[in-house]
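2 protein chains.
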Amino acid sequence: MKLGILGAGGIASTMAKTVAEMKGVEVYAVAARDLERARVFAQKYEVKKAYGSYEEMLADDEVELVYIATPHSHHYLHAKMCLEAGKHVLCEKAFTVNAEQAQKLFDLAKEKKLLITEAIWTRYMPSRKMINDIIESGVIGEVTAVTANLSYTVSHVERIRKPELAGGALLDVGVYPINFASMVLGDKVKDVKATAIFQNGVDILDSIAMVFEGDCMATLQCGAREISDRMGSIFGTRGYMQVQNINNPEKITVFDTEHKEVASYVVPEQISGYEYEVESCMKAIQEGKLECPEMPHAETIRIMKIMDDIRKSWNYEIPCIE
Amino acid sequence: MKLGILGAGGIASTMAKTVAEMKGVEVYAVAARDLERARVFAQKYEVKKAYGSYEEMLADDEVELVYIATPHSHHYLHAKMCLEAGKHVLCEKAFTVNAEQAQKLFDLAKEKKLLITEAIWTRYMPSRKMINDIIESGVIGEVTAVTANLSYTVSHVERIRKPELAGGALLDVGVYPINFASMVLGDKVKDVKATAIFQNGVDILDSIAMVFEGDCMATLQCGAREISDRMGSIFGTRGYMQVQNINNPEKITVFDTEHKEVASYVVPEQISGYEYEVESCMKAIQEGKLECPEMPHAETIRIMKIMDDIRKSWNYEIPCIE
Chain A
7 MKLGILGAGG IASTMAKTVA EMKGVEVYAV AARDLERARV FAQKYEVKKA
57 YGSYEEMLAD DEVELVYIAT PHSHHYLHAK MCLEAGKHVL CEKAFTVNAE
107 QAQKLFDLAK EKKLLITEAI WTRYMPSRKM INDIIESGVI GEVTAVTANL
157 SYTVSHVERI RKPELAGGAL LDVGVYPINF ASMVLGDKVK DVKATAIFQN
207 GVDILDSIAM VFEGDCMATL QCGAREISDR MGSIFGTRGY MQVQNINNPE
257 KITVFDTEHK EVASYVVPEQ ISGYEYEVES CMKAIQEGKL ECPEMPHAET
307 IRIMKIMDDI RKSWNYEIPC IE
Chain B
7 MKLGILGAGG IASTMAKTVA EMKGVEVYAV AARDLERARV FAQKYEVKKA
57 YGSYEEMLAD DEVELVYIAT PHSHHYLHAK MCLEAGKHVL CEKAFTVNAE
107 QAQKLFDLAK EKKLLITEAI WTRYMPSRKM INDIIESGVI GEVTAVTANL
157 SYTVSHVERI RKPELAGGAL LDVGVYPINF ASMVLGDKVK DVKATAIFQN
207 GVDILDSIAM VFEGDCMATL QCGAREISDR MGSIFGTRGY MQVQNINNPE
257 KITVFDTEHK EVASYVVPEQ ISGYEYEVES CMKAIQEGKL ECPEMPHAET
307 IRIMKIMDDI RKSWNYEIPC IE
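From first to last, the protein sequence lines stand for chains A and B.
In terms of my numbering, the first sequence opens at residue 7 and continues consecutively.
In terms of my numbering, the second sequence opens at residue 7 and continues consecutively.
This is chain A alone, in the form it adopts within the complex:
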């Protein structure tokens, strides 16, 4: 499969390095708004084609799947361009700025019979199945509560600090704890309450309480100013588990009700972790599917709506690029 990368930033580099070590897929093209930047990238990662505009790359018939690695403010615009050019799409998280944009993309992809999926990598990783399997084994009993936090020192970064780039902690960082809670407690969310600290027009530290049907609850914190321990904890009636680094799970430890460690798991060695979402896309495309089972369209929409509602409760409206 021939992959085109739209954008030439840090995350694009990681994808290029990852695909270089994968079988059955190659980074065939890269596009940046600046040709020189694309050329440097292409040379560095041995990419055949370098384009100085996204349109040019999308006009290349060889490109089958496009990985969108631009800021989330521009995902809708760029994914739409890809679909209109007849390309399958793997689009970075947060998928779009809001649920409406996401729905429009899914509708267009359906019309064009193209695959499109959100690159929320934790959904595709083996750790997801490991966590599910541990829960299903019943070792921690019935799961009723989750806590998770994720924060990075990124408030100085352009995509975080500018409202017009859909800045703030929620869309960029919060999407992980919300997905973590959703993967464990499901999609029957009854109520979401969120409190935020704003600095210079964007949320930099958020507390989120999610109440699920069946009297379950998740308590989440996400931030863009300080570092956090990235811990995800899953509490059940017979014990609990800790997931180290919810953004890229490294270790899962299970404890009993006496706080004794009863089991510990490490995830399989990985290239970067990006390989799983690419593999899922390849499989789905081969099978003629329009969505990846790891992250169904309905789930992307549902999570985007939660984030829409949270921002609405804060009166934080992100200017949309159409």
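Treat the hints as calculated values from the structure; they're not laboratory data.
Be a bit skeptical, because a hint or two may be false.
[Claimed, not checked] Listed next, the stretches of chain B that the computed footprint assigns to chain A, with coverage defined by at least 3 CB atoms under 8 Å from CB atoms of chain A:
(1) 153-166
(2) 225-234
[What the hints assert, rightly or not] Derived contacts from chain B toward chain A, CB cut-off under 7 Å, selection only:
(3) S19
(4) T150
(5) K199
(6) T201
(7) I203
(8) L211
(9) S213
(10) A215
(11) E219
(12) S239
(13) T243
(14) Y246
(15) T263
[Said to hold, decoys possible] Short derived list, chain A residues pointing at chain B, Cβ under 7 Å:
(16) T201
(17) L211
(18) S213
(19) E232
(20) S234
(21) D235
(22) T243
(23) Y246
(24) T263
In this text, all values refer to a predicted model and were calculated from it rather than measured experimentally.
Glycine is no exception: its CB is placed at the ideal position from the N, C-alpha and C atoms.
Take the given structure of chain A and dock chain B to it, following the hints.
Then chain B, alone, in the frame of chain A:
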């Protein structure tokens, strides 16, 4: 110093065993509503006097300090009885059912020139100074965020499940994470938002977001239905620390911004941990003080008010015993 224990339950036993190993203080008397129960307790822990009513013990001139070990629904009533009988008081947490009751006790104690303090043990423990010292050393930079959780499988216990005993997770369990956050982030609370799951008339799982002046935030979860990992995490601009078991800190681990462990501390060996609050009372009484510096009256009132406001936001009114 001669201590009287009011109540003969599990926490009273721990106190008796603790004081037995301390110097300069003895459990001189115990009182229960049932004389036989008091006698069994007294025999088991080698306590000189056993009383079948609280009034009788309080009429004993030898008793100097009373440890109140009854459910928090009855703290106000019992502390008032103690003060009126001229006894100093160490009263278990949560101190009273609401701030109004707490204020009345402090006013009465002041009038009677007696010491009264809340037995929120984490405030008196060496771990508190250790955590403060680590923060003051600057190793994790400026502290701006806290997460903490505490849950126990206690929803079947009478004091938790009965609203008339001031039941629910908040007063019994939530008082710890709220105190943890307050010890770290201070007393300048700007906003508190809390979400709860209620079962049979009491809150059994709560999410609490506390916003502090200086753009700091604490995200807390407390529960009475499932077990939790009891983790308290303190995030700063240059790193973070994890406190294992916020209800009785065992280990404090410091990490840098690369998530590398840079230091680890264990707390000094302790009898049960109750000795520190008793020692503080003894010292304060000897010095003629009416409050303990580790938990000033103003701080008890402030925390009670936070919990009052939270319950008010839930429309959960606890029937008060006067």
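Structure-based check of each hint:
no. : hint    : result
1   : 153-166 : holds (count 4)
2   : 225-234 : holds (count 8)
3   : S19     : violated, 20 Å
4   : T150    : holds, 5 Å
5   : K199    : holds, 5 Å
6   : T201    : holds, 4 Å
7   : I203    : holds, 5 Å
8   : L211    : holds, 5 Å
9   : S213    : holds, 3 Å
10  : A215    : holds, 3 Å
11  : E219    : violated, 11 Å
12  : S239    : holds, 5 Å
13  : T243    : holds, 6 Å
14  : Y246    : holds, 6 Å
15  : T263    : holds, 5 Å
16  : T201    : holds, 4 Å
17  : L211    : holds, 5 Å
18  : S213    : holds, 3 Å
19  : E232    : holds, 5 Å
20  : S234    : holds, 5 Å
21  : D235    : holds, 5 Å
22  : T243    : holds, 6 Å
23  : Y246    : holds, 6 Å
24  : T263    : holds, 5 Å
Checked against the numbered hints listed earlier, the structure breaks hints 3 and 11; every other hint is satisfied.
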